[in-house]
Each structure stands twice: as structure tokens, then as C-alpha cells.
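*Asks:* Full structure from sequences and hints, please.
Chains as they are written, first to last, in our numbering: chain A, 214 to 504; chain B, 66 to 212; chain C, 168 to 325.
It is worth saying that the hints were derived from the structure and are not from the lab. No residue lacks a Cβ here, since even glycine has one placed at the ideal position from N, Cα and C. Heads up, some of the hints might be wrong.
[As the list claims (entries may be wrong)] Keeping only pairs whose Cα atoms sit at most 27 angstroms apart, straight-line, the calculated BS3-like set for lysine-lysine is:
id : chain 1 : residue 1 : chain 2 : residue 2
1  : A       : K271      : C       : K225
2  : A       : K271      : A       : K303
3  : C       : K310      : A       : K215
4  : B       : K153      : B       : K202
5  : C       : K177      : A       : K271
6  : B       : K108      : A       : K441
7  : C       : K175      : C       : K225
8  : B       : K194      : B       : K71
9  : C       : K175      : A       : K215
10 : A       : K215      : C       : K296
11 : B       : K71       : B       : K127
12 : B       : K194      : B       : K114
13 : B       : K114      : B       : K202
14 : A       : K215      : B       : K127
15 : B       : K194      : A       : K361
16 : B       : K202      : B       : K121
17 : B       : K108      : B       : K121
18 : A       : K303      : C       : K310
19 : C       : K310      : C       : K225
20 : C       : K310      : C       : K325
21 : B       : K114      : B       : K209
22 : B       : K209      : B       : K108
23 : B       : K127      : B       : K114
24 : A       : K271      : C       : K175
25 : B       : K202      : B       : K108
26 : A       : K491      : C       : K175
27 : B       : K209      : B       : K194
28 : B       : K209      : B       : K153
29 : A       : K215      : B       : K114
[What the hints assert, rightly or not] Residues on chain A that point at chain B, a partial pick, calculated with CB under 8 angstroms:
id : residue
30 : C373
31 : K441
32 : I446
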Amino acid sequence: MKPCAFEYLAPGSVPEVMDLLQQYGDQAKILAGGQSLVPIMNFRLARPEVLIDINGLKELAYIREEADELVIGALTRERELELAPLVRLKCPLLPEAISHIGHPTIRNRGTIGGSLAHGDPSAEIPIAIYALDGTIRTLGPDGESAFKPEEFFLTYLTTCLEPSQIVMEVTVPVLPDGTGWSFVELSRRSGDFAIVAVATVLFMDDNGACTEARICMGGVASTPVRAKAAEDILSGQILSDALVAEAGRLAVEATDPESDYHASADYRRAMTEILVRKALRRAWEKTRGGK
Amino acid sequence: MRLEGKYKFDASQERVWEVLTNPRHLEKAIPGCERLQESEPNKYDALLKVGIAAVKGTFTGKFEVADPDPPQQYRLVGEGSGSSGFVKGEATIHLTAANEQTLVDYHGEMQIGGLIAGVGQRMLGGIAKMMLNQFFKRMGNELKSSK
Amino acid sequence: MAGRRPIKVKVNGIEYEGYVEPRKLLVDFLREDLELIGTHTGCEHGVCGACTVLFNGKSVRSCLMFAVQADGADIMTIEGLSDGKTLHPIQEAFREHHGLQCGYCTPGMLLTSYELLQENPAPTEDEVKTAVSGVLCRCTGYKQIVDSVMAAADAMRK
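*Replies:* See below:
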């Protein structure tokens, strides 16, 4: 189908975007990559009266290293993040997660800010950012704000962004040498939406014990979720097969999946346990110098 | 799609029955309900504006409070259609007194068709659950404010 | 309010001027306004790949862009792959290795492969499979497509 008619505006600066959002409120939608918005416009499920195209705001696309963080502009394309040597070296979980998003052609346009603002609980970027405990910076009429993922993602396709606010920037930590990480996804075909996806980060000390574990899961609730109980049993421990198995089991308790025609809730729960174990094993391998 | 759940209200069974079957309170509690008008006894025409993020739709629909067995049970039957698709559902709602509170449990079936069913399948179960939670929360507010 | 806008787009090296409603999809502008019907519409939501074109050198789903976004852009469609007289080595390889049957996905396959071979001139079979999995083919079962791209890679490295 073809989209409904809309007013198209292409502001040249961030202050202009702010003015337009204040003016139009929830009649307007931001057009960034368009890889999630335009499909629902083509179906006429979304019929924004106004589209504010921010693709001209090149100043919002950047990747920088500052202290022990990577600072990424909201308009940075997924494909660029996937291939950037700086990101692959300093925060390799992010490019790995991004490589599972659709196909390269989609990633050529999709942006990190757009993916976060869209708030799909099965989407790879929200899952990775939550596992990395990243910070999402926004701009609104009242100025800048910063949110942690647990505050930012409210429910299906809903974030705490007001109609007058946009995502400006995301920061993620530079992962220390020896940190384990992994991203594992189950989908029917490569490039499909995740049925279940798991991102893990394992911070290690010099004695080979895990100081802090992060396990973030997608496709199993109305937002990406962290498996806190599973994380807790790994923290401060030397890893073992038994601990990994127990973590997998505990992770299922943090899920609240729905059934749909892709997979039943039971299947998602069963796959959560399997994928968490697989993801932890892979992350653990990395701490021991594996690839 | 199957729907079932429970909710506890801080009110007597009679009061909860009254609020759950009263169109004035139903209109305020049903998420997105702009208008609920009685067409025949226990039958209502409704206008609903439902949306999640960018996907918004207007539905016109009909509800019926069927087989009322006050104050313990009734069936709620409804259907609606709009540009994004159609919804049809039926639930049995059962009330039980528990000291000063009332336990409401419901179970039913919902069919969703049209565009949202084709494209939005991944979200539907979660959205239905969300709307039901919203409905009961608002009903709780209706009970408090109509004391 | 939603009235037409003037746009200037370079497509396959030729400058065009258009006058489009904002809601006009790039794929429809190419097909209807420019009569370049080699780019196909399939799903209109970005998953089938039949609408793939190169936009400022990068592959995009033209069904997920609006023509107004192409103002000032440099686009290559399938019509721009050969020079009009000689087939591009990728096209030649698809011809030789039966990389198409009905031809509907073919423009998407060719441009996706073109981008792959630009970025990775010596891909493995797995890398080719990953790249072309973004374009849906209902006819060939993909084997001949993968063979074609591998052959094209060989030919282009010579």
C-alpha cells in the first residue's frame, strides 16, 4: 500500500527540530532511518500528519572516544557502527548485536537513535545498550536529559520520550581487556526479528573470577529485560558449567513472554534457558582468550 | 487469543458489580473509549481510539453485558472494527467476595483480524494484556472516586 | 499543506527534475516519473529486496524512502549497471550460471551483489549467502545465485 499524505519538513538544525516538535506535538513523527516508521506508514497503520526529516543534521552522526566511554550520535547509521574499527575494538558487543539487525541494506539507513526511540523489545540495539548499561541522552524544550535503559524503555514500542523530545546521543563503556561478551539470537531466518535474543557481558578480575555479570534478554517481555537473579549468582564467582546452567534456569524467571504466531510463550521460555547458557559459555570463552 | 486473569478490588461485591456493569464507569475505564452509549438495555455502541506509539486507530464497536447474574457473573461480548482491522471478543467475568474485597476473575477469547493481525502479531498479546491492566486499574479509580 | 515539491536527482549519471508529493515513495518516483521500471516493488515494507537501489553509493530499500529525500542525491538503479552495450561481469555471471528464472528479484540481487563485491572482492560462499539472503527469491532456491556471484567475483578479480 502507499502511505497517507503528510506535510514534509526537513529542518537544518537541532533548534529548528525542537521548534517544530513543540509546534506539532504528537501530530509529527521524526524521520531518521525510516526502516521501522516507513513500513507502518506504507501499511497505513501509522498516519502522521507531519514528518520531520532529520537526515540533514549531519552533526548528530559521530563516534568518539571520551575517557572510558564511546560517545555515539543518535543519527549514526547502524552499518557504520557495525564496521567502525574503534567500536569493534573498544565495545565489540555493539557491532556484534548490530550485525543481527535485518540485512546490510537496512543497516545502511537505520540509526542507533531511531532503534532506541522505536523501543521494540525484540530489537538488538536496545538489548545491547541495556547489557552495556549505556546512557541515552535526550533533548527537549526543557533541555537535556539522560536515561538509563531501565528508565527509558516503558513497554512495547513505548519509551519515556515525550512528543517534544528526541534522542541525541548514546554512551557505552569501553570494555576492559579480558571482558567476556556475547550476543546470541534465535530467529527463523537470518535477518528476521528475534524470537529470543540474549546479550551478555562478564567483567573479570585478575584471578579469573567474574566481578559482575550482565544478562539482557529480548523477545521475552514488553521491554528488554535483565536477568538479575541469574546475574547475581555469577557475580564474584569463578565460573563453572554448573553456575552457567543455574544462571540459564534463573534467567527464565525474569521473562514474561507472550505467545504469537512466531512462537509460543512456552517455547520462548525454553529457548531463553538454552540461549542464556549458550551466550554465557561464549562470553566465558572470550575471557579465556577465545574468539 | 485466550485472555484470562484476576484482579482484586477494595470494595464490596455489590459495589464492584454496579461499577463493572455501569456504562458511565465503563466509558471511563475502557482505554481509549471516547463514547459509550446505550442502544438497548445492556447493549452499547462505542467509539474507541486505541494506539501504541505511532500506530493509532479508531474503532467503532458494540458491547453487550449478557446473561447478567448479579452480583456474581456476567458475560461481556464485544466487537469493533476500524481502518486497522477488526476485533471480536467474549469473556466471562466472575465476582467473589473476599472479606471487604472483591476478587474478579475473567476468562475469554479474542479474535483479531485485518491489518494489525497481519503485521502487528508480535505485539498483540502484550498489548491486550496492557489494555486489560489499564482497564482494571481505571475501574479501581472509578470505585474510589464514586464512593 | 502536503503539496508537491521540486526535486533534482541524478540517476545513472543523468540529472532529472521532478515535482513530487512528499508521500511519493522513491521506488514509485523511479518507476512512474522516470519510467525506470527495472526497480521492482514487492512487499512495500522493506523485506523482499526487489526495490533495492544504490543511494549515494549505498544500497537502500527504495520502498522505505520518499522521493523528496532523494533531492540532491546520486542514485544507481539496475539500468545503470551495464553501460548499455556490454553486460556488467555480475550480469554476465548471472546469465551464464542461471542466476534468475522469473527475474523479479534479479535487480535486487544484482545491486546487492554489486555492493558486496565492492566491499569484499573475494567473498566466501557463506559471505555471499549472508549478503543475498536479504533479497527474497521464490524461484531459484538461491544455489545458482550464489554460484553466479562467486563466478562474478572471480571474473572481476582478473
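*Asks:* Each of the hints needs a verdict: does it hold here or not?
*Replies:* So, going through the hints one by one against the coordinates:
no.	hint	in the structure
1	A/K271 with C/K225	holds (17 angstroms)
2	A/K271 with A/K303	holds (24 angstroms)
3	C/K310 with A/K215	violated (34 angstroms)
4	B/K153 with B/K202	holds (22 angstroms)
5	C/K177 with A/K271	holds (21 angstroms)
6	B/K108 with A/K441	violated (48 angstroms)
7	C/K175 with C/K225	holds (19 angstroms)
8	B/K194 with B/K71	holds (12 angstroms)
9	C/K175 with A/K215	holds (22 angstroms)
10	A/K215 with C/K296	violated (31 angstroms)
11	B/K71 with B/K127	holds (24 angstroms)
12	B/K194 with B/K114	holds (17 angstroms)
13	B/K114 with B/K202	holds (18 angstroms)
14	A/K215 with B/K127	violated (30 angstroms)
15	B/K194 with A/K361	holds (25 angstroms)
16	B/K202 with B/K121	holds (22 angstroms)
17	B/K108 with B/K121	holds (26 angstroms)
18	A/K303 with C/K310	violated (38 angstroms)
19	C/K310 with C/K225	holds (25 angstroms)
20	C/K310 with C/K325	holds (23 angstroms)
21	B/K114 with B/K209	holds (25 angstroms)
22	B/K209 with B/K108	holds (26 angstroms)
23	B/K127 with B/K114	holds (14 angstroms)
24	A/K271 with C/K175	holds (20 angstroms)
25	B/K202 with B/K108	holds (23 angstroms)
26	A/K491 with C/K175	violated (51 angstroms)
27	B/K209 with B/K194	holds (23 angstroms)
28	B/K209 with B/K153	violated (30 angstroms)
29	A/K215 with B/K114	holds (23 angstroms)
30	C373	violated (12 angstroms)
31	K441	violated (21 angstroms)
32	I446	violated (28 angstroms)
This entry does not satisfy hints 3, 6, 10, 14, 18, 26, 28, 30, 31 and 32, going by the numbered hints stated previously.
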